[in-house]
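Trainee: Spelled out from the first residue to the last, the chains are:
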Amino acid sequence: MNEPMIRFDAVTKKFAESAEPAVHELSLDVAEGEIVVLVGPSGCGKTTTLRMINRLIEPTSGKITVNGVDISTTPAHVLRRGIGYVIQQVGLFPHHTIHQNIAAVPDLLGWGRDDVQRRVTELLTLVGLDPDWGTRYPAELSGGQRQRVGVARALAADPAVLLMDEPFGAVDPIVRARLQRELLALHRQVRKTIVFVTHDMDEALLLGHRVAVFNTGGVLEQLATPVELLASPANDFVASFLGDDRALKRLALLGIAEDTLARGPAVQAGEGTDAARKVMREHGTEWAVVLDGERLRGRIDLPALRDGHPVGEQELRPVETMVRRDGNLRGALDAIVSSPDRMVVVLGADDVYLGMLTLEGLTAELAG
Amino acid sequence: MSGQPDTVGEQRPLFEWDWVGRNMDRIGERVVEHLELTGVAVASGVLIALALAMVSLRWRRLHAVILGIGGVLYAIPALAAFAFLVPIFGLSFPTAVIPLISYTILILVRNIVTGIDQVPGDVREAARGMGFTRARVFRKVELPLAVPVIVAGTRISAVTTIGLVTVTSILGVGGLGAFILQGFRTLPIYPTPIVVGVVASVLLAILVDLALLLTERALTPWARRGSA
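So the sequences go chain by chain: W and Z.
Using our numbering, read the first sequence as starting at 1 and increasing by one per residue.
Using our numbering, read the second sequence as starting at 1 and increasing by one per residue.
Okay, chain W solo, but in the shape it has when bound:
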């Protein structure tokens, strides 16, 4: 409907030293506010594609527009000041403080001192760093902290577009997972258009609204949402790049649908032991969950039932296997498989009991 934020129109890049093009006849639109991840093996042209957007590399033929403007008509250094750029090694200026690093582009644009100070404080907070750290030098920060400063620096002048070239490739897996979550949270706040390059398919599926799978020779094999990609890869190359556990990866992207949940063996805290025995019998279990209205109190086991008292006053045990409504089907499947009765409690916000997910329910959701 709207003009895309970034448009590649039949763009080809050939490097003098190689016969095969680095990028071949690429046409691609990126919508405003969208995260598109370019993924593929090394030498597939994904980084070349990214670097053509800020003219660090000039295309051999074809046209690229950003916000409707042909980028070849804007001087490269002016164009770049309006596009955030984050690279794997971060490239912070070691001789500048964190404040000066973040202020780099605002300084180029001639912002006033107070505006810059306000913006730096705001950004340090946004990326989860202490605003007092502005006076430190990059060498005093950990790898993950430096990467956050890199993101803050790229966002400094509030660019509409953010280019990220394997930004989390050099940090350890735990920090990477945190930075990925933070990037998604950040995107919910600032709604930038992001083009993200990675060779890690899992990262692509996690972060991308759409994922562009490149093959060697700069060929775009498929551009689709992660769920579409996993459900129907366009060809063998895409399928093999997605990996053998495609179905499991797809489960990880699907949420839990409430209409597939069963009521399960559940009794109210005020009910008696007869009622509890009845639901256990009906569901073929030796336990039931105990509810206070909507909320989960715990579980009661058949041998622990003592007649003459409401179940709520009896010895309850905590529910061991449960998943949250906002979890994904992969986590749910794991919980189902590890529970003896092949069912798992699903909880909503404030511990509200939503029901039980069974293997049958999960299969039904996958089919529907």
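I should point out that these hints are in silico values taken from the structure, not numbers from a laboratory.
Wrong hints could be hidden among the right ones.
To give an idea of the chain W side of the interface with chain Z (calculated C-beta under 10 Å), a few residues [said to hold, decoys possible]:
(1) Gly84
(2) His209
(3) Arg295
For the chain W half of the interface with chain Z, some residues (derived, Cβ under 10 Å), not all of them [what the hints assert, rightly or not]:
(4) Leu92
(5) Pro94
(6) Leu108
(7) Leu109
(8) Trp111
(9) Arg153
(10) Ala156
All values reported here derive from a predicted model rather than from experimental measurement.
Here a beta-carbon is modelled for each residue, glycine too, at the ideal position from N, C-alpha and C.
Keeping the supplied structure of chain W fixed, place chain Z upon it in accordance with the hints.
Mentor: Chain Z alone, transformed into the frame defined by chain W:
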């Protein structure tokens, strides 16, 4: 009148403190002259080397040529250089300072180029990607990051030059070497001015080296933080 230093044919003592007391003003003047020659030579050397380094960085093939010429200049003995320049400039400041400058070029060009080459590629890439022009990358990123290596070269040049300025005194342009000449030209040889000239120029070299080291520290507060 035994012990009088001007007695002909008598050995003079190695060092006389009262000579130093009597000549305090002249020592001061000579030190200033020495520093002037060194300062002009090294400062000009840095400026010329900076220009040559920029040429070397832009056109890589010229780098080897420039270093080659610098090496040849470095190998010319000072006395030969003076002999060549005296017919042109006479016994003058330029005759003294031109060889001094030429001796700094090799070390300085090499260090500036090395210093800028070792700026990490990702830092340069980030600067370009943010919209720094080429000139701004050089001024704001490459040059400041090369400061430790450039200052290291400048320290070597300055110390070397201070030693060489002692030789330029034969041109009559002053400096601490004049005391050494004075000591040798007196009969019998007068050791005190020689000792003063030598000790003062060594002290000067140490102090200038220290001053440059402190300058480097002041210019690179970032280099000593973190990396823990």
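Trainee: Each hint needs a verdict: does it hold in this structure or not?
Mentor: Structure-based check of all given hints:
no.: 1; hint: Gly84; in the structure: 9 Å, holds
no.: 2; hint: His209; in the structure: 24 Å, violated
no.: 3; hint: Arg295; in the structure: 49 Å, violated
no.: 4; hint: Leu92; in the structure: 7 Å, holds
no.: 5; hint: Pro94; in the structure: 6 Å, holds
no.: 6; hint: Leu108; in the structure: 6 Å, holds
no.: 7; hint: Leu109; in the structure: 9 Å, holds
no.: 8; hint: Trp111; in the structure: 14 Å, violated
no.: 9; hint: Arg153; in the structure: 8 Å, holds
no.: 10; hint: Ala156; in the structure: 9 Å, holds
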